[in-house]
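Visitor: Let the sequences and hints guide you as you build the complete structure.
Number of protein chains: 2
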Amino acid sequence: MHILITGGAGFIGVRLARRLLSDNRLTTASGPQPISKLTLLDQVAATGLPNDPRIRIVAGNAADPALIGPLVADADVVYHLAAVVSVAAEHDFDLGMGVNLHGTLALLEACRKTGRKPLFIKASSAAVYGGPLPAAVGEETALFPQTSYGMQKVVGEHLVDDYSRKGFVDGRSLRLPTIVVRPGAPNLAASSFASSLVREPLMGRAYVCPVPPETPVCLLSVRRVVDSFVHAASLTPAALGHTRAIQLPGLTMTVAEMVGALGEIGGKAAVARLSFSPQAEIITIVKGWPVRFTTTRSAPLGFRADTSAKQIIADFVADELDGKVAP
Amino acid sequence: MHILITGGAGFIGVRLARRLLSDNRLTTASGPQPISKLTLLDQVAATGLPNDPRIRIVAGNAADPALIGPLVADADVVYHLAAVVSVAAEHDFDLGMGVNLHGTLALLEACRKTGRKPLFIKASSAAVYGGPLPAAVGEETALFPQTSYGMQKVVGEHLVDDYSRKGFVDGRSLRLPTIVVRPGAPNLAASSFASSLVREPLMGRAYVCPVPPETPVCLLSVRRVVDSFVHAASLTPAALGHTRAIQLPGLTMTVAEMVGALGEIGGKAAVARLSFSPQAEIITIVKGWPVRFTTTRSAPLGFRADTSAKQIIADFVADELDGKVAP
Numbered sequence: 001m002h003i004l005i006t007g008g009a010g011f012i013g014v015r016l017a018r019r020l021l022s023d024n025r026l027t028t029a030s031g032p033q034p035i036s037k038l039t040l041l042d043q044v045a046a047t048g049l050p051n052d053p054r055i056r057i058v059a060g061n062a063a064d065p066a067l068i069g070p071l072v073a074d075a076d077v078v079y080h081l082a083a084v085v086s087v088a089a090e091h092d093f094d095l096g097m098g099v100n101l102h103g104t105l106a107l108l109e110a111c112r113k114t115g116r117k118p119l120f121i122k123a124s125s126a127a128v129y130g131g132p133l134p135a136a137v138g139e140e141t142a143l144f145p146q147t148s149y150g151m152q153k154v155v156g157e158h159l160v161d162d163y164s165r166k167g168f169v170d171g172r173s174l175r176l177p178t179i180v181v182r183p184g185a186p187n188l189a190a191s192s193f194a195s196s197l198v199r200e201p202l203m204g205r206a207y208v209c210p211v212p213p214e215t216p217v218c219l220l221s222v223r224r225v226v227d228s229f230v231h232a233a234s235l236t237p238a239a240l241g242h243t244r245a246i247q248l249p250g251l252t253m254t255v256a257e258m259v260g261a262l263g264e265i266g267g268k269a270a271v272a273r274l275s276f277s278p279q280a281e282i283i284t285i286v287k288g289w290p291v292r293f294t295t296t297r298s299a300p301l302g303f304r305a306d307t308s309a310k311q312i313i314a315d316f317v318a319d320e321l322d323g324k325v326a327p
Numbered sequence: 328m329h330i331l332i333t334g335g336a337g338f339i340g341v342r343l344a345r346r347l348l349s350d351n352r353l354t355t356a357s358g359p360q361p362i363s364k365l366t367l368l369d370q371v372a373a374t375g376l377p378n379d380p381r382i383r384i385v386a387g388n389a390a391d392p393a394l395i396g397p398l399v400a401d402a403d404v405v406y407h408l409a410a411v412v413s414v415a416a417e418h419d420f421d422l423g424m425g426v427n428l429h430g431t432l433a434l435l436e437a438c439r440k441t442g443r444k445p446l447f448i449k450a451s452s453a454a455v456y457g458g459p460l461p462a463a464v465g466e467e468t469a470l471f472p473q474t475s476y477g478m479q480k481v482v483g484e485h486l487v488d489d490y491s492r493k494g495f496v497d498g499r500s501l502r503l504p505t506i507v508v509r510p511g512a513p514n515l516a517a518s519s520f521a522s523s524l525v526r527e528p529l530m531g532r533a534y535v536c537p538v539p540p541e542t543p544v545c546l547l548s549v550r551r552v553v554d555s556f557v558h559a560a561s562l563t564p565a566a567l568g569h570t571r572a573i574q575l576p577g578l579t580m581t582v583a584e585m586v587g588a589l590g591e592i593g594g595k596a597a598v599a600r601l602s603f604s605p606q607a608e609i610i611t612i613v614k615g616w617p618v619r620f621t622t623t624r625s626a627p628l629g630f631r632a633d634t635s636a637k638q639i640i641a642d643f644v645a646d647e648l649d650g651k652v653a654p
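Line by line, the protein sequences are chains A and B.
Number 59 in the working numbering belongs to position 59 of the first sequence; there are no gaps in the numbering.
Just add 327 to the spot in the second sequence (first one is 1) and you have the working numbering.
Do not rely on the hints blindly, as some may be mistaken.
To be verified - Quick list of the computed label-pair ranges, beta carbon to beta carbon:
(1) B:Ala393 to A:Lys166: 39 to 45 Å
(2) A:Arg116 to B:Ala393: 35 to 41 Å
(3) A:Thr236 to B:Gly531: 35 to 41 Å
(4) A:Lys166 to B:Lys651: 54 to 60 Å
(5) A:His102 to B:Ala463: 32 to 38 Å
As the list claims (entries may be wrong) - The calculated lysine-lysine pairs, modelled on DSSO-like cross-linking and capped at a C-alpha distance of 30 Å, are:
(6) A:Lys166 to B:Lys444
(7) B:Lys614 to A:Lys117
(8) B:Lys493 to A:Lys287
(9) A:Lys117 to A:Lys37
(10) B:Lys614 to B:Lys493
(11) B:Lys595 to B:Lys493
(12) B:Lys614 to B:Lys651
(13) B:Lys651 to B:Lys493
(14) A:Lys324 to A:Lys310
(15) A:Lys287 to B:Lys614
(16) B:Lys595 to B:Lys651
(17) A:Lys37 to A:Lys113
Treat the hints as calculated values from the structure; they're not laboratory data.
Everything numeric in this text was worked out from a predicted model, so none of it was measured.
Note that beta-carbon positions come from the ideal geometry of N, C-alpha and C, so glycine has one too.
Guide: Written out as structure tokens, the structure is:
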């Protein structure tokens, strides 16, 4: 089978690609399928991948029909991870609309034109929620996103649902909690702090956290989100029912508890590299996000949360830092 | 003030225009504003309007930026009623997407470009609901539309919410129940039967109803929906809060009860012109629509339902049939 990943140079895209190549197959509702081709599309060329003849790396605009048409033509599975992140989409409305809304539409249209009904597995986000919220939220919660990014993610979910209902794709939208620990530099996602406050100190760098220690967060590890994207391919349409959207489960804690786990792995030196300087814009966005999710849908469908922040951080050190933390 | 109505040749558009011209003013959150210009945009030229120098009738594509840009340039209020109706949008996916989704986007973009933050009052629909539903639905209900029309209406609501939050427009989306009694010929709206089963017999014509008598419906009269569009302009953003979507209240009854009211106004002769021949496609769509709505939001905001089917039908006879029914 041919698998296309948009946002293929992003940290989840690259790790999903490595996992798929390592597995050699992807299990769909029809059973395990050998992977013959894996295309990674992103604005920049994906790096950090093994030398494997099945990989094709494409740099270009994932919202450009002329580019994506031929890439999608023989695709059996499309992982749509490409997105302009929350703060960037809020600052540059046209950029966010172009990539997050029109890009998703263009990709769905390209899939529809193939007539092959590819699996279409999209990254959505807990940013779809907003306004007055119950204690725990999930697919049964009405969506009032309070960011343009969240609005674009909701619209994407509705498009995936209707394109699936019409038989143009076989879609799934996974609402991601805050994914940690993201490697690389801090970025313009409002959730960037949750990774940075672990990664930067463990790599020997100071970090100023823009939200106070008592801030609650809901975390999902990189390992588990990759598991979830792989697992999503195996579900039957019947199991999904009236919507293709799934809220992935997460682990709820405060930033202070994350700092405690950081200390267990990185010691006092790591914690000492952290300081706090609240930034109103980030706090406003983060406060709007729910931190407790219902699992009445995700658990029976087989999606799993992590067990502890310490384990998440230990896995990050093993996977991304070659087991080494700064002294 | 300049008011633009898209779908201005449609039955609600024309009746809203007549009402606005008759009122001479529209009350916004800033108070009553005299109406100096009223533009009616539709694919065909609007008819049935008084001879009034304030009216400008434009025939053209409401999704064409080159056409709508100049029309919106000095608009203070945009009533966005243009839409491809439910069955038509289901049969021709591209047509529905073009008008209902891309058309709404183009109009919102045109409004944004003016920098004048016009009032943007959009017709949404109870077709936004679907999937498993509580006994009564409203803005707090999660939306799982099961038609492309419903999906496009949900997307429109989210766009209106976010364009309002960003300060590009001052939006309101009114979710309409089934509007009765629509004059003219039966059309491709799945709800068309609710008007036809009253209008056709009263005009002396036979009508074959595609849903059985026990079918529940939720009705709002033409008078009340026009009231609602006028009233929506007067609300403050603060009163609307975290979403600009409002579920309009309706009157719940069965088709059989409608037929009873038809008999009270039109006599046995009218009822005798009705017959029933269930059509699966219409029944499937109509069954997915909720028929009981919460009024926890609409009532405090000042929106009102009708009092009886008999009154709705009597008003139709007075307003559209010059008080005369077929013997």
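Visitor: Does each hint hold? Answer for all of them.
Guide: Verification of the supplied hints:
The hinted range of 39 to 45 Å is not satisfied by Ala393 (chain B) and Lys166 (chain A), whose Cβ atoms lie roughly 30 Å apart. At roughly 36 Å, the beta carbons of Arg116 (chain A) and Ala393 (chain B) sit within the given window of 35 to 41 Å. For Thr236 (chain A) and Gly531 (chain B), the hinted distance range of 35 to 41 Å is not satisfied, since their beta carbons lie about 53 Å from each other. A beta carbon spacing of about 45 Å between Lys166 (chain A) and Lys651 (chain B) contradicts the range 54 to 60 Å that was offered as a hint.
A C-beta distance of roughly 36 Å is found between His102 (chain A) and Ala463 (chain B), which places it inside the suggested range of 32 to 38 Å. Taking the CA atoms of Lys166 (chain A) and Lys444 (chain B), the gap is about 36 Å. The hint is violated against a cut of 30 Å. This hinted pair checks out: Lys614 (chain B) and Lys117 (chain A) have alpha carbons roughly 28 Å apart, not beyond 30 Å. Taking the CA atoms of Lys493 (chain B) and Lys287 (chain A), the gap is near 18 Å; set against the 30 Å cutoff, the hint holds.
Between Lys117 (chain A) and Lys37 (chain A) the CA atoms are separated by roughly 18 Å; this keeps the pair inside 30 Å, and the hint holds. Under the criterion of a C-alpha separation no larger than 30 Å, the hint pairing Lys614 (chain B) with Lys493 (chain B) is inconsistent with the structure, at around 37 Å. A threshold of 30 Å between alpha carbons decides the hint, and for Lys595 (chain B) with Lys493 (chain B) the separation of about 56 Å lies outside it, so the pair is violated. At roughly 33 Å between alpha-carbon atoms, Lys614 (chain B) and Lys651 (chain B) are farther apart than 30 Å, so this suggested pair is violated.
A distance of roughly 50 Å separates the Cα atoms of Lys651 (chain B) and Lys493 (chain B); the hinted pair therefore is violated under the 30 Å criterion. Distance hint between Lys324 (chain A) and Lys310 (chain A) is fulfilled; the C-alpha atoms sit about 15 Å from each other, no more than 30 Å. The hinted pair formed by Lys287 (chain A) and Lys614 (chain B) fails the criterion: a straight-line CA distance of about 39 Å is larger than 30 Å. A C-alpha spacing of about 15 Å is found between Lys595 (chain B) and Lys651 (chain B), which places the hinted pair at or below 30 Å, so the restraint holds.
A distance of roughly 20 Å separates the Cα atoms of Lys37 (chain A) and Lys113 (chain A); the hinted pair therefore holds under the 30 Å criterion.
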